[in-house]
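**Q** Residue-level listing of the chains:
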Amino acid sequence: MHADDSNMDGATPSDSVEVGATVDAARRTLLIGAVATSAVVSIRPALAQTAGSVLNCQIPVPERGKGMYIDPTGKLVTPDTPGAFPPSPRDFTGEEVRKALQGSNLPGTTREQSQAYLNYIRKLQNGQSGFTCYASLQMPRR
Amino acid sequence: MSERAYAALPGHALKRVRMGGLEAIYHTPSGITHLLAEPVPELLDALDAVGTDTFVTAERLVAQIASRFDLVGDDPQERPEQVLGERLAELAALGLVRLRAEA
Chain A
15 MHADDSNMDG ATPSDSVEVG ATVDAARRTL LIGAVATSAV VSIRPALAQT
65 AGSVLNCQIP VPERGKGMYI DPTGKLVTPD TPGAFPPSPR DFTGEEVRKA
115 LQGSNLPGTT REQSQAYLNY IRKLQNGQSG FTCYASLQMP RR
Chain B
5 MSERAYAALP GHALKRVRMG GLEAIYHTPS GITHLLAEPV PELLDALDAV
55 GTDTFVTAER LVAQIASRFD LVGDDPQERP EQVLGERLAE LAALGLVRLR
105 AEA
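One line per chain: the protein sequences are A and B, in this order.
The first sequence begins at 15 in my numbering and counts up one residue at a time.
The second sequence begins at 5 in my numbering and counts up one residue at a time.
If we strip away everything but chain A, and leave its shape as in the complex, we get:
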């Protein structure tokens, strides 16, 4: 239909009026810009950007200042609860948690204590300290 390219220089409305007998009432002008003008901005997921810092980010178990113990299912309980573990004296790094999720114990913990802490970490939700760190462990490595 547009075999003759010279007709396509610029925007000449007369070109397209020939195409159909009825011209759409909604027809409007489309600004196509120039060759070098990009019209796309890309936003990568925020969590993906943290992938580089996964090894060093911190996950407190549990959040500070609560005075709560952690039971084997990862729930926060009062310190007098039988079978519950005291809070971890230090935060765990993303790398330590990643290794623990693959089967080893968190540093300085027994098998049962490590499982209880991991169960707590698995229950972390958005807004809780350490959530973003834990969530970024779930992201596939690039």
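Hints are all accurate, no fakes.
Negatives, chain B to chain A, calculated, CB over 10 Å:
#1 Glu7
#2 Ala9
#3 Leu13
#4 His16
#5 Lys19
#6 Met23
#7 Gly24
#8 Pro33
#9 Asp52
#10 Ala53
#11 Val54
#12 Gly55
#13 Thr56
#14 Arg102
Quick list of the computed label-pair ranges, beta carbon to beta carbon:
#15 A:Ile57 - B:Arg104: 20 to 30 Å
#16 A:Val55 - B:Ala105: 26 to 36 Å
#17 B:Leu39 - A:Gln139: 21 to 31 Å
#18 A:Ser143 - B:Asp79: 48 to 58 Å
Think of the hints as simulated: they come from the structure by calculation, not from any bench.
Beta carbons are placed, not taken as given, at the ideal position from N, Cα and C, and that holds for glycine.
Position chain B relative to chain A; hints supplied.
**A** For chain B alone, kept in the frame of chain A given last:
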């Protein structure tokens, strides 16, 4: 001469939301969001209208778009096929359209 031809992705690969003059488009396979300005959403619309599995050249797509719009470029020296072809190549590089080189 080999010519590049483009086709739309399957509908479920993209989630598109109109935001005033811009369009936010979420690319499900990569999880990346793109903000598109005119004329890119119109290009995607035109490819959709052609059909998901139909590959078309920039030239044919321009003919399709010109039947609905008056095309206005920044530089009269640049042909619409050239300008929109550049945008299509960009979309293909981002994975938002499929690309095929035609013999």
